[in-house]
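Spelled out, the chains give:
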Amino acid sequence: MTNEIVIKTDKLTKRFGDFIATNEISFDVYKGEIFGFLGANGAGKTTAMKMLCGLSTPSSGSATIAGFDIYKQTESIKKNIGYMSQKFSLYEDLTVLENIQFFGGIYGLSDMQLKEKSESLIETLGMKEDAKKLVGSLPLGWKQKLSFSVAILHEPQIVFLDEPTGGVDPVTRRQFWDLIYNAADRGITIFVTTHYMDEAEYCNRVTMMVDGIIKALDTPTKLKQQFSAATMDEVFFELARGAKRKAD
Amino acid sequence: MKQFIIFVKKEFYHVFRDSKTLLLLFGMPIAQIILFGFALTNEIKNADIVICDYANDIASHRIIDKLEVSKSFQIQKQNLSHHEIENAFKTGKVKLAIIFPSNFNNDLQHANKAQVQIIADASDLNTASTLTNYASSIVMDYQRELLKDKSLPLQINTDVRMIYNPELKGVFNFVPGVMALVLLLVCVLMTSVSIVREKETGTMEVLLVSPLNPLLVIISKAVPYFFLSIINLTVILILSTTLMGMPINGSLPLLYFESSLLIICALALGLLISNITDSQQAAMLISLMGMLLPVMMFTGFMFPLENMPQPLKIIANAIPSKWYYIIMKSIMIKGLGFSAIWKETLILMGMTLLLLIISVKKFKTRLQ
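One line per chain: the protein sequences are D and R, in this order. Numbers given in my numbering equal positions in the first sequence, counted from 1, plus 3. Numbers given in my numbering equal positions in the second sequence, counted from 1, plus 78.
Just chain R, with the same shape it has in the complex (with noise of 0.2 Å):
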């Protein structure tokens, strides 16, 4: 136990006398959290649209007024010609038109049934997908409002409802994203470094030859990331909920376990890596470019899994930060209890656990 204290001291000045670490550890996430918070929310705001209003009646006058409400679009009226709109696609100079034919009121008054035309720039999907999700919630708000006054019933029936995020706001589903992302990163990065510093250097040849039992040396390399992690956690969490407004709905200590999960996890991960490199370069690198990119794609939080084929969502199933932004968006912003996410924690659980063991037997392994 002293040895431990001992070792675990030693580590804690390798990562307090360390600006580059320091910075790593602590400026990242900041970064992070500030940059895709702010800066690249998949949030649509002031995107240009065009609007053809043929009908110019009280209907078309309402759903306009509601779309000018709004704060994601500048509007621009105008009757264009279908090849004008083409042409305004083609300059990129609007995002998306809304086309109300000649007599849409009167069709929705007395055939109970209208067709408003959205077109969108599907060369960008996110953005096309956001737009038209947008405005048609605002044209299926007004056909509500229609439904109370009339006895009538219209024919409407298609039901767009955003839950949980009525407001679509990119940030709540960024942060539980950008978590995963920080946590798996600088735990895999932090580990791997660390121990691949000590082979460089020949110390862990001295560790090696010394008596301290090699499981000791890996979990005492482990204990201040853990800390340390936690730590950044916290901060990550306090600065989305204070900066960008997120909600903590769930649990704060199953957010913490949960997390602890992820964070084990991912220095099992960095322990793997210290095994196959012998240099800190190489060891920063594969923990960086072999961590961004699958956490990035296969999460879920910057391209939806939904829409991904299916070789690419049976990769997305091996990633741990899948099931940790699972979990943590039911915690977060859902609210829910362990009953909801225990299959997810339970996938997250046997991962940790088979890198755990792999790492710790090669580890082992090296020795001989």
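Isolated chain D, as found in the complex (with noise of 0.2 Å):
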């Protein structure tokens, strides 16, 4: 982790109609970070993900995405992130070297990087018997741990993970926070968002967003040093409690 900022927003801010999704959020992400995004379900986590990879426009506020600006340098912006959606964002009936391939070949991979880097990719990830194999055949946490080294594969300067983790058992969250860590070994920028409060403890910092804003933003240590808790969950539920918004 270093002090070169990567990502770095001011009160970015994005409206449908009367409905705010996010009020003005500011913050800064340091290269090689592990950010972790959290808050209830419809506190507007996913919306501002989406402006940060250019998915869709704020409406106001400014930001910078690894020095290009949010509104004019989209196509350099997409460049140089890598994305993995909540749901399961490969395809299925296609085998591991045939999406390995592709989505290096659209992110402009030549032949020689692409046979280089997806023959290091499935020694890394042992699957050297599978390769061949359509992915919908393979158990979640494969797909899972295939899916964020697919996203780095043009090894990006941030990664967005928006709930990496879901519906992977405990034992492949840790074999994938494994896969996390080594990226951002490499300097690549990690911001994710989660549910899960004990992969909070895993993030360098964290915020938490509650009904379109930012409640707090620090590292798990002291956030529960400030709420005076022994958990991220109690940090949590103190801040998420006066939130007015419902899930959607």
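These are calculated hints, taken from the structure and not from any lab test. Careful, some of the hints might be misleading.
To be verified - In silico lysine-lysine, BS3-like type, Cα no more than 25 Å apart, as pairs: (1) D:K120 / R:K87; (2) D:K82 / R:K80; (3) D:K146 / D:K136.
Claimed, not checked - Far from chain D, some chain R residues (derived; all Cβ distances over 10 Å): (4) F167; (5) T205; (6) I216; (7) V301; (8) G413; (9) F416; (10) W420.
As the list claims (entries may be wrong) - Selected chain R positions facing chain D (in silico; Cβ < 8 Å): (11) R95; (12) T281; (13) L286; (14) V287; (15) S288; (16) L290.
Yeah, the Cβ is synthetic: ideal placement off N, Cα and C, and Gly gets one too.
Using the hints, build the complex out of the two chains.
Here you go:
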């Protein structure tokens, strides 16, 4: 983790009619950091993430991602970020290898790079025997790990993970986080939303969103001190208790 | 360009690995062409008709002979009273009654003017009009024969001619219609479902976050289905020419050109549908129900557009398959060239362009 800022937002706001999904959120994320983005359903996490990925245009406020402006340079942003969606986002009717080659290909990797990358990736994940199997036939945990590896195949500066570990057992979740740490060590910034409070403890810093506003932002240890709580769970309850919005 | 090839390759994997898609893509056209071609033709064979021959003279006998030779009729000769004829219709025993008045030949020879009454069961309008057409054309045929023998002109002024399709073969009208139906249905369904599937599985989001140009996503989605549709079209053409003797009198390249236009139109429509729905089921339903009914009704191959009330005729103008149907009939049956169908082609082109612009615009705004 360095002091180089890769994501900077300033009063970023998204309105849908009268509804303010995210209300003037401002924060910085540093290079190589694992940045947790927490909040109840409907708190505005996904909206915020979509704006940062260039999937949705902010109503007001400003932000730079990897040094590029969120309004004017979305194309450059897209080349420098990876994304793993909430839903499992590989093609189930393609084999492991075909998926790697497809996603690597659309990010413009050359044939040489593709060959090298896919070989080393399959090696690291220990999927040698499954490389020619359809992804749909793999267990969920494997799919998720593969999905993450594909999202960082093109060595992006930042990778956005939208609730990546939903429905996965604790052991696989732990393995998944090992992959995340690995990527962070290589200098890739991780921006992750999650529901699991134990996962929040794995993050370098955590943001708590309530009703579209950032209620707290600090390291897990400091947050626990601040709210004199034993676990992140308690911190979350303390903060979310005042929430007015219903889960969507 | 490389991204494009990778993407198209991926689309082909999707198609060839999904047996349901394959079945829909190639099974449906074959089933429909056979179904419509053989089973559902509006050509009528062996219709029960009753002939009441009160004349019983040379002229009436000659006409009855001709009617008997025709495969369309199953003749029953019986001199029924008016009341009995009505009963026969009511019970559905006969579809048509032909009545020769008592001095038929006499009138014809001396007054040069004779009458045959044809009564049809108009509760089934299509059958009735087809049968009366058959019968009256046979009567006309006889009159034409008489004209040759006689020096005196006979007073016949009805002139029903069946040009282009003298045998009144229903297949000839059905094949272009089925082509329109199949191409529209398959293309609209395939594109809308394949795009919505990516929305449903979440892969669309990943594609949109990637540096791929959204336009490239659309084009790469459309290209495989375009080629598959062309193959589909070829299958239909081969089937209908070999199995049903459908002629292709006009230019084949022109036929393919016009079909490509309809296919692109359908692809754009599929794209549009995929923009307004988020689930595969909904996309399928909209594509099937939303396309099947209007296309069947307003193309003109099932229900003649000429018989429709004005408002429906206006609606029919907005259905691309109507224009395609006219174009295909002109090319395949009449053997006409581009000069005869440029107007219809222009309309089809306009529709395609409009749909393309709307759907591409919609696709882009959805990203914002």
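Tested hints:
1. D:K120 / R:K87: holds (20 Å)
2. D:K82 / R:K80: The given pair, whose Cα atoms are some 16 Å apart, holds under the 25 Å limit.
3. D:K146 / D:K136: Within the cut-off at roughly 12 Å; holds.
4. F167: F167 (chain R) is indeed farther than 10 Å from all Cβ atoms of chain D, at 59 Å.
5. T205: Fine: 48 Å to the nearest Cβ keeps T205 (chain R) off the interface.
6. I216: I216 (chain R) clear of chain D: closest Cβ-Cβ about 60 Å, beyond 10 Å.
7. V301: holds (15 Å)
8. G413: holds (45 Å)
9. F416: holds (40 Å)
10. W420: Fine: 41 Å to the nearest Cβ keeps W420 (chain R) off the interface.
11. R95: holds (5 Å)
12. T281: Cβ of T281 (chain R) sits 5 Å from chain D, so the hint holds.
13. L286: Cβ of L286 (chain R) sits 6 Å from chain D, so the hint holds.
14. V287: holds (4 Å)
15. S288: holds (5 Å)
16. L290: holds (5 Å)
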